[in-house]
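Engineer: Sequence:
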Amino acid sequence: REQIPATLFITGLWIEKNRETFAALAKEPLFEIENHGLLHRLCSTEGRTMYGVNATRGIGDVVDEMELGARKIGELTGRRPVFFRSATAYTDELSLKVAGRLGMEVVSYDILPGDAMRASARTMSTNILKGARHGAVVIMHFNHPDWPGVEALELAVPELRKRGYSFIKLEDFSIK
971 REQIPATLFI
981 TGLWIEKNRE
991 TFAALAKEPL
1001 FEIENHGLLH
1011 RLCSTEGRTM
1021 YGVNATRGIG
1031 DVVDEMELGA
1041 RKIGELTGRR
1051 PVFFRSATAY
1061 TDELSLKVAG
1071 RLGMEVVSYD
1081 ILPGDAMRAS
1091 ARTMSTNILK
1101 GARHGAVVIM
1111 HFNHPDWPGV
1121 EALELAVPEL
1131 RKRGYSFIKL
1141 EDFSIK
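Numbering (our numbering), first residue to last: 971 to 1146.
A couple of the hints might just be wrong.
Said to hold, decoys possible - Result set (DSS-like, lysine-lysine): computed pairs, CA atoms no more than 27 angstroms apart in a straight line: (1) K1139 / K997; (2) K997 / K1067; (3) K987 / K1042; (4) K1100 / K1132; (5) K1042 / K1067; (6) K1100 / K1139; (7) K1067 / K1139; (8) K1139 / K987; (9) K997 / K987; (10) K1042 / K1139.
The set of hints was computed from the structure by calculation and includes no laboratory data.
Produce the complete structure using the sequences and hints provided.
Structural biologist: Shown next as structure tokens:
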């Protein structure tokens, strides 16, 4: 409705469960599909975990998480993703080097609205507006339509536009 471009980080698991939706998202020019890993694992060669999310258990698992997720997206879209975000956005130093060797750039975020913590739409909107600045990356989860993410954006987007912000995909970003 608002014609807002976005970068969508998608896991292989989600693709398998939502093939038709994935195909529709991949065809939408407003969206850029990027790699969130094959199995939604946090990338740690040391087995570190956060928030109860499963971690990779060594460099082989890291390669599989990144590369097999990229291949799945590439096979279905005809475009190999260039950006990667692991589960919880945590990627240790060795995993960062692996990503680089695989031709991927690891991306994190600047603004955590709070959808995963079940914050209200008003709280998420406030968090977005507080963190807004040129180039800021907002992380939200579109795979939970029952969370109030849409309502938060409906509150935040008009104010962001009033402040002169625009919205782009990561592939279109450059520091000006």
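Engineer: Evaluate each hint against the coordinates.
Structural biologist: A quick look at each hint next to the structure:
1. Pair hint K1139 plus K997 holds up; C-alpha atoms about 15 angstroms apart against a cutoff of 27 angstroms.
2. At most 27 angstroms may separate the alpha-carbon atoms for a hinted pair to count; K997 and K1067 exceed this at roughly 31 angstroms.
3. For the proposed pair K987 and K1042, the alpha carbon gap of about 13 angstroms is at most 27 angstroms, so the pair holds.
4. Distance restraint check for K1100 and K1132: the Cα-Cα separation of roughly 14 angstroms lies within the 27 angstroms cut-off, and the hinted pair is therefore satisfied.
5. As the CA atoms of K1042 and K1067 are separated by approximately 21 angstroms, the hinted pair is consistent with the 27 angstroms bound.
6. Proximity of K1100 to K1139 is assessed by CA-CA distance (about 21 angstroms); at most 27 angstroms being required, the pair is judged to hold.
7. In summary, the hint linking K1067 to K1139 is supported, as the alpha carbons are separated by about 24 angstroms, within the 27 angstroms threshold.
8. A distance of roughly 25 angstroms separates the Cα atoms of K1139 and K987; the hinted pair therefore holds under the 27 angstroms criterion.
9. The hinted pair formed by K997 and K987 meets the criterion: a straight-line CA distance of about 18 angstroms does not exceed 27 angstroms.
10. Taking the CA atoms of K1042 and K1139, the gap is near 21 angstroms; set against the 27 angstroms cutoff, the hint holds.
Figure legend: structure checked against the earlier numbered hints; the only hint not met is number 2.
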